[in-house]
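Colleague: Sequence:
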Amino acid sequence: MDLRPIVLKKLDRLRELDAEIADPAFFDQPARARQALREHSTLKALGATWGELEKARADRDANADLAKSSAPGDAELAALAAEELPALDARIASLERDVQLALLPPDENEDRDAIVEIRAGTGGSEAALFAADLHRMYARYAESAGLRIEPLDSSPSELGGFKEVVFKVTGQSVFRQLRYESGVHRVQRVPATEAQGRIHTSTATVAVLPEAEEVELELKPEDLRIEVSRAGGPGGQGVNTTDSAVQVMHIPTGTIVRCQDGRSQIKNKEKALGILRARLLERKQAEEHEKYAAQRKGQIGSGGREEKIRTYNYAQNRLTDHRIGLTLYNLDRVLEGDLAETIAALQAADMAARLAAVDLGVS
1 MDLRPIVLKK LDRLRELDAE IADPAFFDQP ARARQALREH STLKALGATW
51 GELEKARADR DANADLAKSS APGDAELAAL AAEELPALDA RIASLERDVQ
101 LALLPPDENE DRDAIVEIRA GTGGSEAALF AADLHRMYAR YAESAGLRIE
151 PLDSSPSELG GFKEVVFKVT GQSVFRQLRY ESGVHRVQRV PATEAQGRIH
201 TSTATVAVLP EAEEVELELK PEDLRIEVSR AGGPGGQGVN TTDSAVQVMH
251 IPTGTIVRCQ DGRSQIKNKE KALGILRARL LERKQAEEHE KYAAQRKGQI
301 GSGGREEKIR TYNYAQNRLT DHRIGLTLYN LDRVLEGDLA ETIAALQAAD
351 MAARLAAVDL GVS
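Once you know that position 326 of the sequence shown is 326 in our numbering, the rest is easy, because the numbers rise by one and skip nothing.
Simulated from the structure, these hints should not be mistaken for lab results. Heads up, a few of these hints could be off.
As the list claims (entries may be wrong) - Simulated pairs of lysine-lysine, DSS-like, Cα-Cα distance not exceeding 30 Å: (1) K269 with K220; (2) K284 with K267; (3) K308 with K168; (4) K55 with K68; (5) K284 with K168; (6) K220 with K284; (7) K55 with K9; (8) K55 with K44; (9) K44 with K9; (10) K220 with K168; (11) K284 with K308; (12) K267 with K220; (13) K163 with K267; (14) K168 with K44; (15) K10 with K44; (16) K284 with K163; (17) K269 with K163; (18) K55 with K10; (19) K168 with K267; (20) K308 with K163; (21) K269 with K284.
Unchecked claim - Restraint-style ranges between C-beta atoms, simulated for each label pair: (22) M249 with P30: 26 to 34 Å; (23) R38 with A353: 18 to 26 Å; (24) R97 with T193: 44 to 52 Å.
Think of the CB as a built atom: it goes at the ideal place given N, C-alpha and C, for glycine as much as any other residue.
Using the sequences plus the hints, can you model the full thing?
Modeller: Now the structure itself:
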């Protein structure tokens, strides 16, 4: 398939966006500006990849011509050119695939910020400690990736873990990086409270929700029940003696969000509404994309919370992602936030599934 006409059309659109962004009134409509900047970033990356592909093809043609040369004194150069052809062919194939992926219909969520919810599952106190370990892992990853974490809500356990912890991650392409973390995470290790050295299995669930913009989900006042109370748990006098905790219930769906991490009732209300929008957006999109999710499930799973997606085996220093059959023996580094290899493998599997769907004519 000749991709050139499609790419050139995309590059024409890039030039249109360049002119649009240069307009002094560009940021007068913030929502439209954010959308345009996301599209511009995607098309700019496509343009750079296309340029690399064009150069690689030109280099390949030049080397192929040189390899065929029979001119006196060119024998050594012809041999060197012939040796470089396989590497150039491989690079061209890789770049062509990158261009194909860039031309796939974009996921409207992938460049959004994300709200991450971690909850202790089966395993009692050990599950809560594992939830805290996952929270620390994502915090370390965010730090190394240049992302920022903002705490939204938490429910600490007695031994220093989390029954539940909710936080927002902001930065570039956050949801694209973290979306595949949704699901059941299983840990196999000897708990600190285990006197006989037996390995226990515990779980924690992770939900990664794309942040919903206010214009996408209008929350009608009559659909909300908002209650305030004093925050519980550690936090000092200011947190525990003022009515700063906010609980919001979305009456039509029965969805309840509580936020108490800040001392300001107003800020806690804003955070709670942000979490509520993200959960409702997830619900809405899950219904709309049920067919698409089913097509991808065989490759990486739908990301549902009911699925066991990953096992963390401490005794073998092993991480296994069950969706793509990935096994790594660097669990110690992963728990310190080194998630890049795992995320890249999941992204590659997802892109391969999307390409296969396109090839089969599935929309």
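Colleague: Against each hint, give a clear statement of whether it holds in the structure.
Modeller: So, going through the hints one by one against the coordinates:
Distance hint between K269 and K220 is fulfilled; the C-alpha atoms sit about 15 Å from each other, no more than 30 Å. This hinted pair checks out: K284 and K267 have alpha carbons roughly 26 Å apart, not beyond 30 Å. The suggested pairing of K308 with K168 holds, with an alpha-carbon distance near 23 Å, which does not exceed 30 Å. Restraint check for K55 and K68: satisfied, since their Cα atoms lie roughly 20 Å apart, inside the 30 Å limit.
Under the criterion of a C-alpha separation no larger than 30 Å, the hint pairing K284 with K168 is consistent with the structure, at around 20 Å. The suggested pairing of K220 with K284 holds, with an alpha-carbon distance near 16 Å, which does not exceed 30 Å. For the proposed pair K55 and K9, the alpha carbon gap of about 19 Å is at most 30 Å, so the pair holds. A C-alpha spacing of about 17 Å is found between K55 and K44, which places the hinted pair at or below 30 Å, so the restraint holds.
A C-alpha spacing of about 13 Å is found between K44 and K9, which places the hinted pair at or below 30 Å, so the restraint holds. Straight-line distance between C-alpha atoms of K220 and K168 comes to about 23 Å, which keeps the hinted pair within the 30 Å bound. About 23 Å separates the Cα atoms of K284 and K308, which keeps this hinted pair within 30 Å; it holds. Between the alpha carbons of K267 and K220 the distance comes to roughly 19 Å, so the proposed pair stays at or under 30 Å and holds.
The suggested pairing of K163 with K267 holds, with an alpha-carbon distance near 23 Å, which does not exceed 30 Å. For the hint linking K168 to K44, the alpha-carbon distance of about 27 Å falls within 30 Å, and the restraint holds. Restraint check for K10 and K44: satisfied, since their Cα atoms lie roughly 10 Å apart, inside the 30 Å limit. A threshold of 30 Å between alpha carbons decides the hint, and for K284 with K163 the separation of about 27 Å falls inside it, so the pair holds.
Only pairs whose Cα atoms come within 30 Å are accepted, and K269 paired with K163 is accepted, the gap being roughly 21 Å. Using a Cα cut-off of 30 Å, the hinted pair K55 and K10 holds, with the two alpha carbons roughly 19 Å apart. Among the hinted pairs, K168 with K267 is consistent with the structure: their alpha-carbon atoms are about 14 Å apart, no more than 30 Å. The hinted pair formed by K308 and K163 meets the criterion: a straight-line CA distance of about 19 Å does not exceed 30 Å.
The suggested pairing of K269 with K284 holds, with an alpha-carbon distance near 22 Å, which does not exceed 30 Å. Range check, M249 to P30: Cβ separation about 29 Å, and the 26 to 34 Å hint holds. For R38 and A353, the hinted distance range of 18 to 26 Å is satisfied, since their beta carbons lie about 23 Å from each other. As the Cβ distance of R97 to T193 is approximately 49 Å, the hint placing it in 44 to 52 Å holds.
Hint compliance for this structure: every hint is met.
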